[in-house]
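Protein chains in written order, with this note's numbering: chain Z, 1 to 396; chain C, 1 to 396.
In short, the hints are calculated from the structure, not lab data.
Just so we're clear, the structure is a prediction, and the values are computed from it rather than from any experiment.
All C-beta atoms in this analysis are idealised placements derived from N, C-alpha and C, irrespective of residue type, glycine included.
Keep in mind that a hint or two might mislead.
Cross-link-like lysine-lysine pairs, in silico, DSBU-like; alpha carbons within 35 Å at most [claimed, not checked]:
no., chain 1, residue 1, chain 2, residue 2
1, C, Lys306, Z, Lys228
2, C, Lys322, Z, Lys235
3, C, Lys173, Z, Lys32
4, C, Lys44, C, Lys322
5, C, Lys338, Z, Lys322
6, C, Lys361, Z, Lys262
7, Z, Lys235, C, Lys306
8, Z, Lys312, C, Lys173
9, Z, Lys262, C, Lys173
10, Z, Lys228, C, Lys44
11, Z, Lys322, C, Lys235
Taking CB as the label site, the calculated pair distances span [unchecked claim]:
no., chain 1, residue 1, chain 2, residue 2, range
12, Z, Lys322, C, Glu65, 22 to 28 Å
13, C, Arg5, Z, Glu87, 52 to 58 Å
14, C, Gly60, Z, Phe113, 32 to 38 Å
15, Z, Thr159, C, Glu210, 48 to 54 Å
16, Z, Gln387, C, Asp2, 27 to 33 Å
2 protein chains.
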Amino acid sequence: MDNFRFYVPTDIRFGQDRLETELTGVLDTYGKNVLLVYGGGSIKKNGLYDQVTDLLNANGNTIVELSGVEPNPRIETVRKGVALCLEHHVDVILAVGGGSTIDCSKVIAAGFFSEEDPWEIVLGRRGYQGEALPIVTILTLAATGSEMNAGAVISNMATNQKLGVGGPAMMPKVSFLDPANTFTVPAYQTAAGSADILSHLFESYFNVTEGTDVQDFISEGLMRSVIKHCPIALKEPNNYDSRANLMWASSLALNGLTRGGKHGVWSCHAMEHELSAFYDITHGIGLAILTPRWMAYVLSEQTVDKFAQFAKNVWDITEADKMTAAKQGVQATYDYFKACGIPMTLPEVGIESEKFSEMAKQAVEHSTIKTDAFVPLAEKDVEAIYQACLTESTFI
Amino acid sequence: MDNFRFYVPTDIRFGQDRLETELTGVLDTYGKNVLLVYGGGSIKKNGLYDQVTDLLNANGNTIVELSGVEPNPRIETVRKGVALCLEHHVDVILAVGGGSTIDCSKVIAAGFFSEEDPWEIVLGRRGYQGEALPIVTILTLAATGSEMNAGAVISNMATNQKLGVGGPAMMPKVSFLDPANTFTVPAYQTAAGSADILSHLFESYFNVTEGTDVQDFISEGLMRSVIKHCPIALKEPNNYDSRANLMWASSLALNGLTRGGKHGVWSCHAMEHELSAFYDITHGIGLAILTPRWMAYVLSEQTVDKFAQFAKNVWDITEADKMTAAKQGVQATYDYFKACGIPMTLPEVGIESEKFSEMAKQAVEHSTIKTDAFVPLAEKDVEAIYQACLTESTFI
């Protein structure tokens, strides 16, 4: 196990009916001027927007709104948010939405204290050490884990870049996690969000660091939770406990718990970020499509032990031969995503092969997967994995 | 799943060789006057005392020492610590040791701000809402989890009371977790500490709340980590990775991760606290002795599902009949503790039956196990469980 720091001071308020009694008290800690950030308006349909603005108005808050945050949040929206914060002397950002809304809010929060364009902050990647406005979140989608960590991903369509950025001050101060706020998430987004959670777990699980059973066994437990509860939530969108398990899993999958003590970089996210950057597809869907092909591509005598462990502990595969078990685990992962209604080829989401080499080049350039991944990936490897996503696959 | 709050702002610095570069910087955040709290002197033998005092002296700290904290820390020692803090205007408490040293430090930290006797704080139990001096810990034993939570247990031998106390301000600010600092922990204490970790997991796992798979699957993963690594650490005391897995498991087993979202009270701790209060035995040993007997006592058609899940997911028991599997799980737990070298009957630790009824009475009075436990326990039940600990047991 490597040395690591685990410091996650986000105050999680998990459960039903907390906003009424807790939200304004939390916001008042920071001030009265609130930037309310949200996405495409689903919170107007399900009543959450009205609930929040009613509470804030009754509390005498000044509400400044930034709506229309994109599913892959763009730097232009961040710039708009920073300008609003400066103009209206915002004290605290209230992000109501999923990972995109929270990510956008994080970079706005940092941008408020910077004299440079916010894209410069993004280009600084994970090294942001400056201040940020306090962020409070009300989560409406179980997926990215942004509600309990210090990272964000911002897209720049002008340069076809989608980059991770982060720093301690960007971690939300308080996050309200009410599973009932995800009852109205459509099936497709529920599946995509679950695939995103699983991918966060896979990325740190398939890793070269030795002696990390605590992290890995926790990760297997979180995987099993998601694998069990996503199908239930798809059939019964108002199943509170299944929504609760997905929501809490989303936060724990990416707050350092399964990652601390390990080194190396993620593989599928590096490859998927290029799909989203070039084609603006749903992040979790891209991950679900890539993951089983990546697994099959990197499975070898060198990696078979971890894949066999995965097959046994996550998928209950009892096959004794390790390589056979490992392949069955990959197949189970693929079949699972498919059963959740996820389109499992790139052409189904509008991506053909013409930009594969360009995207593969960027995937390698924008990351260190060529040297630091579980199995190092060069451009030709990434391109081969993209190629494998053109048609349906079987792995056993 | 119940509503819960998860707010664990302890800054964990996990790994080797961090004190040299990080300790004084952390302490300087709070001030120069340090109360150094430790136990029986093992840190003088293994060099940790010298390392810490050298660093603090070179940094110009004033060190006030409180040594000799008991394995079950006593209120008299807390009183001494409070007096030292007041007399020397202590800014920060540095607890170097295991759970006892940290627990003692927590109540000293709170006592500093109280005009009452510290036992009054303990009698206030988990409701302490006052201030506390900042606490920094250097952990030397993987067991109680006190390094990453807000609770403490203090004994009053004059009244035969051993009570839990806690409040947000008592949570350590920073905890240094270096697995190498546990290399010198003797086998018996390693086994007792591991039993304590497992008991924390069992207590929240066997619980009546529905829909808590995330908590339960994480708990199973932590159990498997401890079950795997304690025997390795017993054979190879300097095995870094096994010590690391035990240490990180100890913190995660009792920081709310496996408990949040559940209601009800713990059973074995309530029963064990009386053993320690009357006989001053090692806490983890008492828990190991009681646990399998308690499991067997509460196993029934009503509880068999959870015990069968435990048998399958923790002990890899594949037996299809649930009751048979459940019993095998209990047996596996008993056999495991025995194989770790733990004396598995009460007479082996000097406890005969003469005070069983008095202790059973207190166990019920000092807790709410009669109404709120996984399976409610009245005095006669507690006494029967104590009785079952008089001789070796088999469960299948």
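| query | Regarding the pair Lys322(C) and Lys235(Z), is the alpha-carbon distance no greater than 35 Å? | reply | 28 Å, holds
| query | Does Lys322(Z) lie within 35 Å of Lys338(C) when you go C-alpha to C-alpha? | reply | With Cα atoms ~32 Å apart, Lys338(C) and Lys322(Z) stay inside 35 Å; holds.
| field | Range hint 48 to 54 Å (beta carbons of Thr159(Z) and Glu210(C)) holds or violated | value | 50 Å, holds
| field | 35 Å Cα cutoff - pair Lys262(Z), Lys173(C) | value | 24 Å, holds
| query | Is it true that the CA of Lys361(C) sits at most 35 Å from the CA of Lys262(Z)? | reply | With Cα atoms ~49 Å apart, Lys361(C) and Lys262(Z) exceed 35 Å; violated.
| task | Assess, step by step, whether the Cα of Lys235(Z) is no farther than 35 Å from the Cα of Lys306(C), and give holds or violated. | result | Answer holds: Lys235(Z) to Lys306(C) is near 25 Å, not above 35 Å.
| Is the straight-line distance between the alpha-carbon of Lys228(Z) and that of Lys44(C) 35 Å or less? | 51 Å, violated
| field | Status of the given 32 to 38 Å range, CB of Phe113(Z) versus CB of Gly60(C) | value | Holds - the Cβ-Cβ distance for Gly60(C) and Phe113(Z), about 33 Å, lies within 32 to 38 Å.
| 52 to 58 Å as the expected CB spacing between Glu87(Z) and Arg5(C), which holds or is violated | 35 Å, violated
| Are the Cα positions of Lys312(Z) and Lys173(C) separated by 35 Å at most? | Cα-Cα ~39 Å, so violated.
| query | Taking the CB of Gln387(Z) and the CB of Asp2(C), does the distance hold inside 27 to 33 Å? | reply | 48 Å, violated
| Holds or violated: Lys44(C) with Lys322(C), Cα cutoff 35 Å? | 51 Å, violated
Consistency with the previously given hints fails for numbers 4, 6, 8, 10, 12, 13 and 16, ordered from lowest to highest.
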